[in-house]
Each structure stands twice: as structure tokens, then as C-alpha cells.
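Participant: Here's the letter readout for the chains.
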Amino acid sequence: MIKNNTNGKQKKYDKGFYALIMLFPTIQFLIFYLYVHVDSFLLPFQSYDLAGGTMSWTGSNISQALEILFSQNILHGFGLNLMSYGISVCISMPLSLLFSFYIYKKNFGSKFFRIILYLPSIISSLVFVIIYQNFVERALPSLVMSITGEQIQGLIENMETRIPTIIVFGIFMSFGSNVILYTNAMLGISDEMVDAAKLDGAVGFKEFIYVTMPTIWRTFSVFFINGLMMIFSSDLNAYAFFGQLAPENVQTYGYYIFVQTKKAVNIGDYPVLAAMSLMISLVVIPLVLFVRWALKKYGPSEE
Amino acid sequence: MNKTIAKGIKKFFSLNSLIFFVLILYVAIFWVLVAWGVLTSFKSYEDFRVNIFGLPKQWMWNYNFIFKMFKVKVTNVDGSMNDVGVFTMTWNSVLYSVGCSLASAFMPMLVGYMCARYKNKYSKITVSVIIVVMQLPLMSGQLATLKLLRQLHIYDSIGGMILLKAHPISFYFLIFLAMFEGIPKEYEEAAKIDGAGNWKIMLSIIFPMAWSTFFTVFTLSIQIGHRHKRISSFPLKSI
Amino acid sequence: MKKIKKALVLMLSAFMAFSGMAVGCAQPEIPNENDALNEEIDPNRTQIHVFCFDGGFGSDWLVSLKKKFEEMHKNDSYEDGKTGVQIMINPEKDELDVDEISYNKNELFFTENAYYYDLLRANALADITDAVTGSLSKFGDERSIESKLTDAQKAYYGVKDDNEKVHYYGIPHYSIFMQMNYNVDLFDQKGYYFLDVPTGETLEDRFVYDVANDKRSKGPDGVYNTFDDGLPATYEEFFLLCDYIYQCSDIPLTWAGKVNKGYLSSLLQALAVDYEGAEQSSLYYNMDGKPAKNLGRVVNGSFVEDETDTIITEENGYELARQAGKYYGLQFIEKIVNTEKYHNALAFNTGHSHMDAQTDFLNAGHDGVTNESAILIDGIWWESEATATFNSMVKSKGEQFSKANRKFAYLPLPKATASKATETAQSNTKFTLCDYSFSLMYMKKNVAEWKKPLLMEFLQFCNTNENLVEFTQITSAIKSIDYTATEDDMKQMSHYTKSLFNMKKVSDIIQPFSTTDLYVNNQLFFSPLESYYSKLPSGTNMQYPIEAFREKNVSVNDYFSGMYTYFSGKWGSLK
Numbered sequence: 001m002i003k004n005n006t007n008g009k010q011k012k013y014d015k016g017f018y019a020l021i022m023l024f025p026t027i028q029f030l031i032f033y034l035y036v037h038v039d040s041f042l043l044p045f046q047s048y049d050l051a052g053g054t055m056s057w058t059g060s061n062i063s064q065a066l067e068i069l070f071s072q073n074i075l076h077g078f079g080l081n082l083m084s085y086g087i088s089v090c091i092s093m094p095l096s097l098l099f100s101f102y103i104y105k106k107n108f109g110s111k112f113f114r115i116i117l118y119l120p121s122i123i124s125s126l127v128f129v130i131i132y133q134n135f136v137e138r139a140l141p142s143l144v145m146s147i148t149g150e151q152i153q154g155l156i157e158n159m160e161t162r163i164p165t166i167i168v169f170g171i172f173m174s175f176g177s178n179v180i181l182y183t184n185a186m187l188g189i190s191d192e193m194v195d196a197a198k199l200d201g202a203v204g205f206k207e208f209i210y211v212t213m214p215t216i217w218r219t220f221s222v223f224f225i226n227g228l229m230m231i232f233s234s235d236l237n238a239y240a241f242f243g244q245l246a247p248e249n250v251q252t253y254g255y256y257i258f259v260q261t262k263k264a265v266n267i268g269d270y271p272v273l274a275a276m277s278l279m280i281s282l283v284v285i286p287l288v289l290f291v292r293w294a295l296k297k298y299g300p301s302e303e
Numbered sequence: 001m002n003k004t005i006a007k008g009i010k011k012f013f014s015l016n017s018l019i020f021f022v023l024i025l026y027v028a029i030f031w032v033l034v035a036w037g038v039l040t041s042f043k044s045y046e047d048f049r050v051n052i053f054g055l056p057k058q059w060m061w062n063y064n065f066i067f068k069m070f071k072v073k074v075t076n077v078d079g080s081m082n083d084v085g086v087f088t089m090t091w092n093s094v095l096y097s098v099g100c101s102l103a104s105a106f107m108p109m110l111v112g113y114m115c116a117r118y119k120n121k122y123s124k125i126t127v128s129v130i131i132v133v134m135q136l137p138l139m140s141g142q143l144a145t146l147k148l149l150r151q152l153h154i155y156d157s158i159g160g161m162i163l164l165k166a167h168p169i170s171f172y173f174l175i176f177l178a179m180f181e182g183i184p185k186e187y188e189e190a191a192k193i194d195g196a197g198n199w200k201i202m203l204s205i206i207f208p209m210a211w212s213t214f215f216t217v218f219t220l221s222i223q224i225g226h227r228h229k230r231i232s233s234f235p236l237k238s239i
Numbered sequence: 001m002k003k004i005k006k007a008l009v010l011m012l013s014a015f016m017a018f019s020g021m022a023v024g025c026a027q028p029e030i031p032n033e034n035d036a037l038n039e040e041i042d043p044n045r046t047q048i049h050v051f052c053f054d055g056g057f058g059s060d061w062l063v064s065l066k067k068k069f070e071e072m073h074k075n076d077s078y079e080d081g082k083t084g085v086q087i088m089i090n091p092e093k094d095e096l097d098v099d100e101i102s103y104n105k106n107e108l109f110f111t112e113n114a115y116y117y118d119l120l121r122a123n124a125l126a127d128i129t130d131a132v133t134g135s136l137s138k139f140g141d142e143r144s145i146e147s148k149l150t151d152a153q154k155a156y157y158g159v160k161d162d163n164e165k166v167h168y169y170g171i172p173h174y175s176i177f178m179q180m181n182y183n184v185d186l187f188d189q190k191g192y193y194f195l196d197v198p199t200g201e202t203l204e205d206r207f208v209y210d211v212a213n214d215k216r217s218k219g220p221d222g223v224y225n226t227f228d229d230g231l232p233a234t235y236e237e238f239f240l241l242c243d244y245i246y247q248c249s250d251i252p253l254t255w256a257g258k259v260n261k262g263y264l265s266s267l268l269q270a271l272a273v274d275y276e277g278a279e280q281s282s283l284y285y286n287m288d289g290k291p292a293k294n295l296g297r298v299v300n301g302s303f304v305e306d307e308t309d310t311i312i313t314e315e316n317g318y319e320l321a322r323q324a325g326k327y328y329g330l331q332f333i334e335k336i337v338n339t340e341k342y343h344n345a346l347a348f349n350t351g352h353s354h355m356d357a358q359t360d361f362l363n364a365g366h367d368g369v370t371n372e373s374a375i376l377i378d379g380i381w382w383e384s385e386a387t388a389t390f391n392s393m394v395k396s397k398g399e400q401f402s403k404a405n406r407k408f409a410y411l412p413l414p415k416a417t418a419s420k421a422t423e424t425a426q427s428n429t430k431f432t433l434c435d436y437s438f439s440l441m442y443m444k445k446n447v448a449e450w451k452k453p454l455l456m457e458f459l460q461f462c463n464t465n466e467n468l469v470e471f472t473q474i475t476s477a478i479k480s481i482d483y484t485a486t487e488d489d490m491k492q493m494s495h496y497t498k499s500l501f502n503m504k505k506v507s508d509i510i511q512p513f514s515t516t517d518l519y520v521n522n523q524l525f526f527s528p529l530e531s532y533y534s535k536l537p538s539g540t541n542m543q544y545p546i547e548a549f550r551e552k553n554v555s556v557n558d559y560f561s562g563m564y565t566y567f568s569g570k571w572g573s574l575k
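Residue numbers (the working numbering), protein chains in the order written: chain A, 1 to 303; chain B, 1 to 239; chain C, 1 to 575.
Read the hints as simulated data drawn from the structure, not as lab findings.
Since the model is a prediction, treat every value here as computed from it, not as a measurement.
Among the hints, erroneous ones may be present.
[Unchecked claim] Pulled from the structure, derived: some chain A residues nowhere near chain B, Cβ distances all over 10 Å:
{"hint": "1", "residue": "Tyr132"}
{"hint": "2", "residue": "Ser177"}
{"hint": "3", "residue": "Asn184"}
{"hint": "4", "residue": "Ser234"}
[Stated by the list, open to error] Straight-line Cα separation of at most 25 Å, DSS-like style, residue types lysine-lysine; simulated pairs:
{"hint": "5", "chain 1": "A", "residue 1": "Lys262", "chain 2": "C", "residue 2": "Lys407"}
{"hint": "6", "chain 1": "B", "residue 1": "Lys71", "chain 2": "A", "residue 2": "Lys297"}
{"hint": "7", "chain 1": "C", "residue 1": "Lys3", "chain 2": "A", "residue 2": "Lys106"}
{"hint": "8", "chain 1": "B", "residue 1": "Lys68", "chain 2": "A", "residue 2": "Lys12"}
{"hint": "9", "chain 1": "A", "residue 1": "Lys206", "chain 2": "A", "residue 2": "Lys263"}
{"hint": "10", "chain 1": "B", "residue 1": "Lys71", "chain 2": "A", "residue 2": "Lys11"}
{"hint": "11", "chain 1": "C", "residue 1": "Lys160", "chain 2": "C", "residue 2": "Lys575"}
{"hint": "12", "chain 1": "A", "residue 1": "Lys15", "chain 2": "B", "residue 2": "Lys68"}
{"hint": "13", "chain 1": "C", "residue 1": "Lys93", "chain 2": "C", "residue 2": "Lys407"}
{"hint": "14", "chain 1": "A", "residue 1": "Lys106", "chain 2": "C", "residue 2": "Lys5"}
{"hint": "15", "chain 1": "C", "residue 1": "Lys93", "chain 2": "A", "residue 2": "Lys106"}
{"hint": "16", "chain 1": "A", "residue 1": "Lys263", "chain 2": "C", "residue 2": "Lys570"}
{"hint": "17", "chain 1": "B", "residue 1": "Lys124", "chain 2": "A", "residue 2": "Lys297"}
{"hint": "18", "chain 1": "C", "residue 1": "Lys407", "chain 2": "C", "residue 2": "Lys395"}
Glycine is no exception: its CB is placed at the ideal position from the N, C-alpha and C atoms.
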């Protein structure tokens, strides 16, 4: 890293270079983000009297938001968000890593699997939802009927199989970009390190744990943190499946806020929703920063 | 013989074999869904109603219908209407995807490089701001953005959209940041000894190392842009 | 090089296979496109740009108006060097944001889900008072548009200035209702009509045997020899009808599984509004100190009406959650949802769309696989939306399956109780409908001054009696304002459209909006689909009663009581 430089002229030159490069992104951020979204930051504290055409400042949106966030049905959504993240950490992430490891080791069919794993990301998600939804709702019951003569409900129609069916879809669609990026990171592992590890008896699963994972730890951390950032904004694909009519037992925080925003008739409906999002952000932001620090400090390193 | 069987069993239950079987299951499910979807695309609706799982009773070429109906009416500047069909949409999609994806991939890479390689207060603030901002709720930004684009006279233009996307506030910034932080400082020191300036170090030494990641991010950005149900249609009303 | 060759061979093979299939397969019917929607700008004529919300009703009606208006003005000059008028129609399925209107190229707008007072506040609407109050005699219509508005519409759309003069900035376009629609052919064939006097004790003895000659019951309007004779007059009769239909191996009710909650909630609203009547239903939006007559509570498992009326103001509007119409409506919905034999198998299947339901309803009994379906729960737009299905059936099965030859009709809602049916028989207004389209016709504010008279003339032209009737003939939809149709006009309407027209004549129509500050500041809260929230005994807030009945086994009594708990709790937080 370019930090200490005894040459004063070089330092000046470095500063100038830094300022020049960072000028455009800074201006872009100030204009297209900060200026445009100033309202969004202030919205939780505003109240609109549309009839009178006035706006006033208030803290009541925050208390309303907290009341909604802790109400019985939305709290269920909180649990669903946590469960979804847990499944992502315990199933999707490990599977993505293992699939990437398989492809990185150029095992049998690795090229074929690489393409297949990426295909769901290329095909429009809407198309895939339609195919999947019609398959589990119409085709499967029809198949069961023709084989056994028994009429069963669709897997999403049936309350007991609804959540697992939607979660399976989420897992199914999660591999594409993850596998590509993990495989890329794994390809950066030097062959000498792998050979040396082999000599020490680290093959197969041991190689994965002691060589591969530490080397790609940075990339893994990014995905882990990204998942954490999205923890409460995820909707479990409920909107894709149900539109605005998702059953209560699949509604997450993210879905609830998204649908209420879509239903909003005018700006007067936004402040409470903005306050809800702000409350969630106040929890997630320090959590993300802490986890990022912890992963950096205590995670394995290449050394 | 027993040794061979034991070896075989060990190989069967080895990590690679287990992953292979899981992948085969994934592929099987994927192909059943896709195959059923493709088969259904050759049925008429009346056929689909009563014959959901079987082969089509009469094979229908619905793709002709799709291509003919796949168009939108667009109001031109002079107020006349014209149909924008598949080919124009494809071309616009390419322009939009490639242009915006380049911007979406390059800007995080550039800012990620600067924050990773130039460790100063401003870089630390930038990283924190990006992480915080990625989390913040945005409720009413769309209308304000529309207003701004009109004021800058870049509304309803691909260039305007690309400018809008040229920001580092994305998950890819963190990927590039992690990547650049992992590159040893010896590369720069050696280059400086050889007389290379900051531009040369950035463009000829460090960025080429990030080429595969950049390409991956670029591809992912295209894929995400292509999959969006509504690709931020409001600033591209007639395109 | 080898890889490229391999890829090329694969691509070529795939292309040839695809082409082979394209040639070998049958071709679906591609609807003819209306050339009028693709016209080039004619520099020799003055253009009028018109936005048309292209939902279930399409834009063919506007094309017809365009041709007539252009013909009428082909020799008139509005700009130097130009003669004649050219109407450029912009059909779009997306609704407009309020802020987009002033920038939009279009000058006139025919749209849906437009909140009039939001548009007014955004200063987006032009004053069209002259068009609304002016005479239409130049078009052969003796009335003005204003005279065709109801008092409630005049109160809502008319805005008073400081001098108490009324100004209009928009007028209603069309109406949409969620209703039950029955298969008249099936009813006639199987005799699904109630006898005036049952011939015995069994279920069959209550229904006609000789459809042409047996005397039918009065029906929901309580009057003999009207369009609804023999149809179920009460909820009890309705369920008897469903039992009979099921016994005859037909499907009583069909609705779309994917949108079951939305559609059935809208039907619930329709039932509640019909029970309460226009004045009582409008209380929820006006809250102007009038008494609510039918409020009650659940006591010992039954609904007990209050002994005295409750005056409704903005402070206690939540009391309207206790309306009897809502209670009985919930009972109706709970019964059809939880009685499996009353509805189609896919009634809750998320893969079953509204188009699927329409197709199932039309094809039922004619596809060699399914039994006939008696009643479809859908909006009144369903027949227009199912045009492709009608055409497809004509192509495969013959002309007798065309829209013109098949008979469907709007099923008048039965009354909750026998006493309510008696009350209806004595009243002039037989039914009350809830129009929740929020559809609007308006001119945007920033049009050129010289063009305003021409645009207003076109607005007037669209609202002559002749053109209002033509709209209904083409779209099978009902306009929100008053108009009349002759017998000859009715001959050009489908059986279903005629039934809608007849319903409108004997109904009050309420629109779920008002000008009160409370309503304007909380429009989402007062929208029909948000009006049936309930706090369940478990503490959960439930928006859709259908979900509560079906998935949480909540009783009607608990749900109804929970509605009062929810609204009384939320009322204090309204702006």
C-alpha cells in the first residue's frame, strides 16, 4: 500500500492523483444520490396534511413504525427473515462453496455443471417463477392424480408445504453468481500452495478447509456480509409468487414494506414506511460493521 | 477383493462423489422444469387446461404469436406513435446492458482500488459511507431523480441512464475492495523503483490483475440488468 | 477452431430443428391490429393526443370515436395551413404518476385509478367546466354532461371557488364492479330457477321443471316479471341453489385461485354495500353526522343490532366496522370458502389466474373433461377480457360459442335475510353497487390555449348519449354517468352487457371516496380492500377474511368482533 513516502513532491503528486480520480465518483454521489435522496432521509420525520397542503415535522412516525414492527404478524416476518438467512448460511453458502470447489478442481463434468449452475441466473427470474409455480401448483398434482388417482393440493396452495416450496426455489436460484465468483477466487490459489498442502496430507475435504477457505476468505466474507445487509429486505421471492396477495405466513419485513410502498396512494403514505426502514437500518448497519470488523480480525488468513 | 470394495466404497462416499450426486440432482430438477416449460410452450391454452403433463395433442407454434405481439407502442417526441419490436428492443437492451454494466462494474473497481491502495481518512470515510448508504431506505428518490434528469436534459436517454449507474454504491465495491487489499504492496514498490507513475501502476499493473473479477462483475451486472422486471423504466420512457 | 466449428454445427442444427417445428406446428390466431393506433403524424392536420388506459376494455371504442370526430371536422381549420383534425391515440397499460402528467405529450386522458384530488393538488388538471356544463345539442344530444352526473358525482367532481362557483376538472369515465356472473344457457337448460311455490319437500321440488312455463319466484328485487325472476332472493336460497347445482353434477362457483383473496374481498364489499344501501355505505367516506342504522355486535354467538342508531362523525367512524352488512357478508364468504363442494378445485391454487378462471368457465362442459360451471366470480370486465377465449372456441367448436350467441348475465346479489328481501321489494332502488375504478377523464393543465376549445369539444363528443351507448356496445362495460339505450341499441349488445345495463337502471352506485380531510389524508386506509382488517384472537392483524377463515379456522363472529377492535385501535393514528 502507498502510505509513507518521504518524497514530498511524490506525496503531493499522489494526493493530486487521488483527488482527480475520486472527483467524479464524489460528484456523482453528491448529485445523484445525496441531493436526490435528501427527502428519503428526512421522510421518517415528516407528516403531510394533503388536504391543507402542508407538511410538518413529527416523531410519531417512529412510534407507529415500532408498533407495526413489533406487531404479531410482522414479528412473524422477522422470524421468517432470520430463518431464511439461516438457511442461506447453512445450506446455500456451503453448497455454493462445495460446488465451486468441485468446479475449481476440474472434476468430472465441471464445465457442464458450471453452465447449468449459472443458467437460472440468465433466464429471467419471472420466467422461472412462472414455470416453477405452475409446475408445483398444476403439473405435480396432475401427475399425482394420474398415477395414484388421488387429488392433492398444489405445493404452494397447501399451507404446510408452502414455505418449504418457496425456500427450495430460493436455494435453487442462489447458486449462479456465487459459484462464479467463488470459483474465480479459488482459481487465484497458487499451485505451489496446493502441492505443498498435498505433501502434508491435505487432500479432498482437508484441502478445502485448510487451503481453499482461508485463501478465499475475503471473497467469502463479502458474500456473508452482503447476506447480512439484505437480511431484512429479502422477501423470499414472495412478491414474484403472489404479487400483493401473499399469505400472512410468508410475509417478511422486506415484503411487507415493499407491498405497502406499492400500495401507497400518495406521499402521505410514505413517512411511516420510511420510518420502518430506518428502524431496521439502525439495527443492521452496526451489525454489519461489527461483523465486518470481526471477520477481518478473527478470520483465517492466507499466512 | 475386500480392499478393492473398500476402496470403491471410500471413493463413492468421498467429498467429490457426494458433491457430484448433489449436482446431478440439481441438474435433474432444473432440466425437468425447463423441459416441462418448453413442452408447455407448444400447447394451446385449451390443451394445457386438460392435459397439463402430457405431450401436446396438437403442436402449436406459439413463438410466432410471441414475436408478433412482442412490441410496445412508444410516443415519439412529435407525438406520433410507433411500435418498438423485438429487434429494436434487443438493440436497446444491448446498449443499456453493456453501457450500464460497464459503468456499474468500472466505478466500484476504480473506487475500490483507490480505497484499498490509498489508505487515508477520506478512503475510510468512503468505505463506511458506502456500507451505510447501501443499507439506508430509499422511498421517494425516484421522483426526485426524474426531476433532476429533466433539469439536466438527460431524461429519456441511454447516456443519462449510464451516468445514473456510474456509482460505486454496490456490493461489488466490497468485492473489489477485498480483492485489491489482498494484492501485496511489493508490486507497486517494484514498479515505482522502475519509474512507473500512479497511472501506469493502476492501469498496467493492478487493473490487469483484477481483469477476471471485473469481467465476472460486468457479466453479473448484465445478467441482473436483463432479469429486472422493470428496468428503471421511468427515465427511458421512449426507449 | 475445432470448438468454433462444433458450436456452429450445434447452432445450425438447433436452427433447423426450430424452423422445422415452426413449419410443422399449427399456428395460433394472432389478433388483428388496429391501424388507427399506428398512424403517422399528418402535417396537414391538427393533432389531438389522447392517453387511453388499455386495461380490460381496450381502445377500440376510442378508435371509433376518433374516426367519427375526424370525419366531422375534416374541413375545419384550427391552425394556419392545416385543415382537419387527427386524433393520436396512446394506449398504455401503465398508469401515470401525477408528476408525469404535465410532461406527457398527451393532452386528454382516459384513465383508471386516478385520484382526483391528488391530481388537483398537483395542479395537473385543466378547468373543463365549459365542456361539462355546455350543451351537447350540436351533437344531437339535448342534455349536458353535468345533467348526466348524479348528485354525489357533482358534489365530488365539482369544486367550488371563492365565489361559490362550481368548477369541473375531471369527469368519471367507466364503472367497474366485482360481481357474480351466471351462465344463463346452463340455468335455462337445467332449470336452476326457484319456483314461486315449491311442489314438495325435497331440494328438486324448489326448482323449475319446465323452464318456459313454470312460475318462477320474484327474485332479489321482490317483483314478479322482471329480469331476476327465479334467481336466489336470499343468502339461504343462494346456498340451496349451490347445493342443487352440485347435486346436478355441475360446479356452482368458479373463481381465480391466484387472486382469490382480492376478488372475494371485493365481493364481500359488494355484498356489504348492497345490504347497507347507498346512504349507509357512503357514511364511511363522508362521516357527516348522519345516523348509522344497522350497527350491532356479536352476543352469545349471534349478531344483535343496536337498539339505537349511532351518529357517525370523523371521531367515531370506526363504529362502522360493526355494520350488519359486513357481518352477513362475512358469513356468506365464509360459507362459500369453507364448503368445498361449492367452488372449483383450483379456487385457491396460485397457478390459476383470472384468465384461467374465465377460460375454465367458458369451456366447462364443452371440453369433454370438465362439468359445467354455473357462476363465475369476476369483475364486469370479464367478458371483454375473455374475447380471445370466445374467438378460440368459435374457431374450434363453431359459431354457437361466440360472445353474441352465448348467454351470460350478471347475477343480482341476494339479500342477507328474508326481512331485507321484503324491504327491497317495497323500495324503488333494488340494489346498490360499489364502483371502485376511480376512473377519470380529464385534460392536462398545460395545453395550448388555442387548442382547449377543440379538446373540450372532443370530451363533450365522447359523452353524448349515442357515444356512451357505443362504448358499452363495444366494450361490454358500463359508463359511470347516466345514459339511455333504445331497444335497437340493446340488440347490438351481448346478453351479458344487456344484463349490466338493466342492473344499472335499478341500482344506486356509490363510489368509495369523498372530499373530507380525513379521507384525503388517509386514502389508502379507506380503500375497499383495506376495509376488512381484523385483529384476530391470537393478536395477529389479518387483512383478508378469506385467509382467516380458510387457514386459521377463525369464525365469522371472531373475525367480525376483531374488525371493531382493529379499527377502533387504528383510528387515533389517522392524520
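Participant: Work down the list of hints and note, for each, if the structure agrees.
Facilitator: Results for each hint:
{"no.": "1", "hint": "Tyr132", "verdict": "6 Å, violated"}
{"no.": "2", "hint": "Ser177", "verdict": "5 Å, violated"}
{"no.": "3", "hint": "Asn184", "verdict": "5 Å, violated"}
{"no.": "4", "hint": "Ser234", "verdict": "13 Å, holds"}
{"no.": "5", "hint": "A:Lys262 to C:Lys407", "verdict": "38 Å, violated"}
{"no.": "6", "hint": "B:Lys71 to A:Lys297", "verdict": "54 Å, violated"}
{"no.": "7", "hint": "C:Lys3 to A:Lys106", "verdict": "19 Å, holds"}
{"no.": "8", "hint": "B:Lys68 to A:Lys12", "verdict": "62 Å, violated"}
{"no.": "9", "hint": "A:Lys206 to A:Lys263", "verdict": "52 Å, violated"}
{"no.": "10", "hint": "B:Lys71 to A:Lys11", "verdict": "57 Å, violated"}
{"no.": "11", "hint": "C:Lys160 to C:Lys575", "verdict": "24 Å, holds"}
{"no.": "12", "hint": "A:Lys15 to B:Lys68", "verdict": "58 Å, violated"}
{"no.": "13", "hint": "C:Lys93 to C:Lys407", "verdict": "29 Å, violated"}
{"no.": "14", "hint": "A:Lys106 to C:Lys5", "verdict": "24 Å, holds"}
{"no.": "15", "hint": "C:Lys93 to A:Lys106", "verdict": "50 Å, violated"}
{"no.": "16", "hint": "A:Lys263 to C:Lys570", "verdict": "18 Å, holds"}
{"no.": "17", "hint": "B:Lys124 to A:Lys297", "verdict": "17 Å, holds"}
{"no.": "18", "hint": "C:Lys407 to C:Lys395", "verdict": "18 Å, holds"}
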